[in-house]
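A.B. asks: What follows is each chain in one-letter form.
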Amino acid sequence: MSRKTRIGKTSRRAALLTALILGIGLVACSENEPPEKQVIVLGFDGMDYLYTQRLMEEGRMPNFSRVAETGGFGPLATAVPPQSPVAWSNFITGMDSGGHGIFDFVHRDPDSMQPYMSTSRTEGEEKSLKVGKYKFPLVGAEFKLLRHGTPFWELLEEHGVESHIYRIPANYPPSGLASRELSGMGTPDILGTPGTFSFYTSDIFVNERQMSGGAIYALDFWENRAEGRLHGPENIYLRRRQTLSTDFTLHVDPEAPVAKLVVGDEERILAVGEWSDWVPIEFEMIPTQTLPAMGRFYLRSLKPEVELYVSPLQVDPMNPAFPISTPPSFAEELARRTGRFYTQGMPEDTKTLTGDVFTREEFLAQAKITGDEILKQYEHVLDDFDAGLLFYYFGNLDLICHMMFRATDPAHPAYDPERDPEYLKIVEGIYEAFDKIVGYTLDNMPENAKLIVMSDHGFSSWRRAFHLNNWLIENDYMVLKNPAKVGGTNIYSNVDWSRTRAYGLGLNGLFINVADRESNGIVPASERDALIAEISEKLLAEIDPQTGEPAVTKMYKLEDTYSGEYLGLGPDLQVGYNKGTRCSFESAIGDLTDEVISDNHSEWSGDHCMDHTKVPGILLTTDELARPAKSLKELGGSVLAEFGIDWTETATGG
Amino acid sequence: MTWINSALRAVFDAALAPFSGLPEMAGLTLVSLICAIGMLWVFKRTSNQNALAAVKSRIHAGLFEIRLFNDNLPAIFRAQTQILKANAKYLWHSLPPLLWIIVPFVFIVAQLQFHYGYRGLQPGDSVLLTVRLSEDADALTVEGKPRAALELPAGLEAEAGPVWAPALREMSWRIGAREPGDYSPVITFEGDRLEKSVRVVDEITRLSPHRVAKGFVAELVYPAEAPFDSEQGIESVEISYPDREVNFFGWRTHWMVAFFILTIVFAFLLRKPMGVTI
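If you're matching them up, the sequences are chains A and B in order.
Numbered according to my numbering, the first sequence spans residues 1 to 654.
Numbered according to my numbering, the second sequence spans residues 655 to 932.
No lab work stands behind these hints, which were simulated from the structure alone.
Check each hint, because a few of them may be wrong.
Claimed, not checked - Below, a list of computed lysine to any residue pairs in the SDA-like style, where the Cα atoms sit at most 20 Å apart:
1. A:K130 - A:A256
2. A:K614 - A:A515
3. A:K376 - A:G339
4. A:K368 - B:G778
5. A:K144 - A:E123
6. A:K303 - B:G778
7. B:K799 - A:E255
8. B:K799 - A:D544
9. B:K799 - A:A256
What the hints assert, rightly or not - Sample of chain B residues at the chain A side, in silico, Cβ under 7 Å:
10. T683
11. K799
12. A802
13. K868
14. G869
Since the structure is predicted, the reported quantities are computational estimates derived from the model, not experimental observations.
No residue lacks a Cβ here, since even glycine has one placed at the ideal position from N, Cα and C.
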């Protein structure tokens, strides 16, 4: 035997022995190690404290009651204003809007006086190589998360605790700081909007038009065949502005209520009243580049007219055009396991109902599809979860309550005593469904895991619409160029800024037109405080003539309410509307009507953007929290405390 | 063509059957290895090996010349011209074996496509079953919907349809897979009965997305199922099986990419042991 062979055998024996010793050591160590901590946080957007409490008392939420008996159940103070992006940002960062910089769904640019989405921005690269009719961007688009502050999961990861954050609002693009993330509310559709559906009809009397959250298009129909065009975003590879599009054909059976849909290489058969699964769609940008997307099709009718709904075209998780997950491959991994899914932030298509495109049943059918997808994914991720933090968000309750809440309120101006009572079952049914999610979690979560169920705000019937900008006109704070022209105008196009001292934008925001701050500001900075006090006093004194109740119960001055370095983004005042009253849709986007307070006849009949003290959320825990929380701002710190991490140094509100 | 396909189906079914429950790469690796060996053997037998070796030597000499005389431009140009000429000769000498190889490769690729190119249906899947009529069947259809019916065995379920699309001359049904199994739904069309295989299966097996009418080109492209008599007025019957991707060292790709890479790698590894100049 050569020396080399002997050494080789000796080395192998030594290695085996070492491995054996190490192995025994590891086994021995593992027996003494404490089990890894597991915390599950379920975020139920819009679950109302009083409503939940009542259903629990009636025995209709047995799993909630079961948890409350051993742990705790109570109200959770929401954000000012109680809007989802603001509230979830409070939870994520432990700070208020001054710290994280989210004051509303929309912010305003004081230079252009135009609103923009508050939570994210996509910036295209201007530098490009131009060749003929094409231009080739030299750097890709940048997707920016505008929420500031340290998300609590960043600290978890720094302490070696894995965090899995699914669909939390105000986290698009994903922070990239958690082990796993899937973006939620704030994730745009492929057009870059919060969701723009398309509705195709062969009715020659319907004009093609854009509407809030959607567009109506004509279908060319002949010889049992209807042809339409799906519309994508602008083609970034062309020097002249041109939107991307791709054709589809609907072959209608001459005898049966059924049609064959052909989009590119994809074919589906749809009966009338049926939804397709996700259909992958490709927009050709240049011969070698395509933009992947996907959509669901709903064949509404074939006779007397062909009517086809196409969902907002989504980022395809199998091939995401935008960043929607951490790591980037995770969205595809999830889609491979559970099938393609809605990636748009708020997938329940409420605009179909407010725009009279869908009936309530059709809206609910679409909402069920979204809810089922999210629930199916939850079952998978819960099954995979074994240690660290799992946060999972459910938005179904919030959006269904927005559309159905009048069924809970016979005093609502749009309440239909004949038809609405049946929809009460829908609202209560979704609370019961969420109770089942809690039950499922209790039955399937790791044995010693702690469960925290929370919501970002509560809910109320929305009976009266307050037109803040009309109120400002009536009280001489806003002046119009043409007083006879109201409604349907571009944002502020009719406002005479040289004589306007205040304006409303967003669902709760009121801005002072401050000189040297706003592009056409006229109010000297020295007079701002006095004007804020004057407007606050008058708004608090405003009585709704129909109810005899105050329309506004609280006014929140910017610097008295928030702290942090982003105060400059916020409105000078946040209006805390009385329960039952909310800013009108028109006023929220800077439009005008011809009255100050009106009945809300919109299908959007429930809301929460009111005085935040009137619409608290819920907090339900299986055990007492290591660090109790009374508000959303404190809850992130409570989650950290479960893992023994202190957050007081980084979060102002912790 | 029909009997060739029939024989090839039997051979490939038998050869790949042991790998049906294994990851795709198991069978593909073996097939790539056999193909590489076969390719080298053909190359050795049908090419002028001495000429190829000489041409390769000339290419190497040219490359060395460029390295050695990198400060002498005329010498570099001469060497490059020599390399180009030698490359052209190399291609010329490679042509005969390539012509010998290409025909069996077409058959092999066609067979493999129907084992590795598609995924079997899973319970819960919905797919389209489409009957495409031939142009000479127009007389049967211009007056409206053809009288076609679908008989589905238990395990499959009709979900929607049929839709008659006159512009496409296609009749389509949406069928749902309920239970695993090999099925033969029957389409009756103007009195004729036609079967189409449908497989609800998890393992790798031969799947036939198209059953076509007899004809050289159609059978060459779709050899996975016996053709039917073209006198029935039907051009093809199709099942939209989902595409399959293979896991090639963590990279999900089309089987053909993995197959060609592996075949080339094996050919290079085995060329010396087999004494082949390529």
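A.B. asks: For each hint, tell me whether it holds in the structure or not.
C.D. replies: Verification of the supplied hints:
{"no.": "1", "hint": "A:K130 - A:A256", "in the structure": "violated, 52 Å"}
{"no.": "2", "hint": "A:K614 - A:A515", "in the structure": "violated, 35 Å"}
{"no.": "3", "hint": "A:K376 - A:G339", "in the structure": "holds, 10 Å"}
{"no.": "4", "hint": "A:K368 - B:G778", "in the structure": "holds, 19 Å"}
{"no.": "5", "hint": "A:K144 - A:E123", "in the structure": "holds, 8 Å"}
{"no.": "6", "hint": "A:K303 - B:G778", "in the structure": "violated, 30 Å"}
{"no.": "7", "hint": "B:K799 - A:E255", "in the structure": "holds, 8 Å"}
{"no.": "8", "hint": "B:K799 - A:D544", "in the structure": "violated, 64 Å"}
{"no.": "9", "hint": "B:K799 - A:A256", "in the structure": "holds, 10 Å"}
{"no.": "10", "hint": "T683", "in the structure": "violated, 23 Å"}
{"no.": "11", "hint": "K799", "in the structure": "holds, 5 Å"}
{"no.": "12", "hint": "A802", "in the structure": "violated, 12 Å"}
{"no.": "13", "hint": "K868", "in the structure": "violated, 26 Å"}
{"no.": "14", "hint": "G869", "in the structure": "violated, 23 Å"}
Violation of the numbered hints given earlier is confined to hints 1, 2, 6, 8, 10, 12, 13 and 14; the remaining hints are satisfied by the structure.
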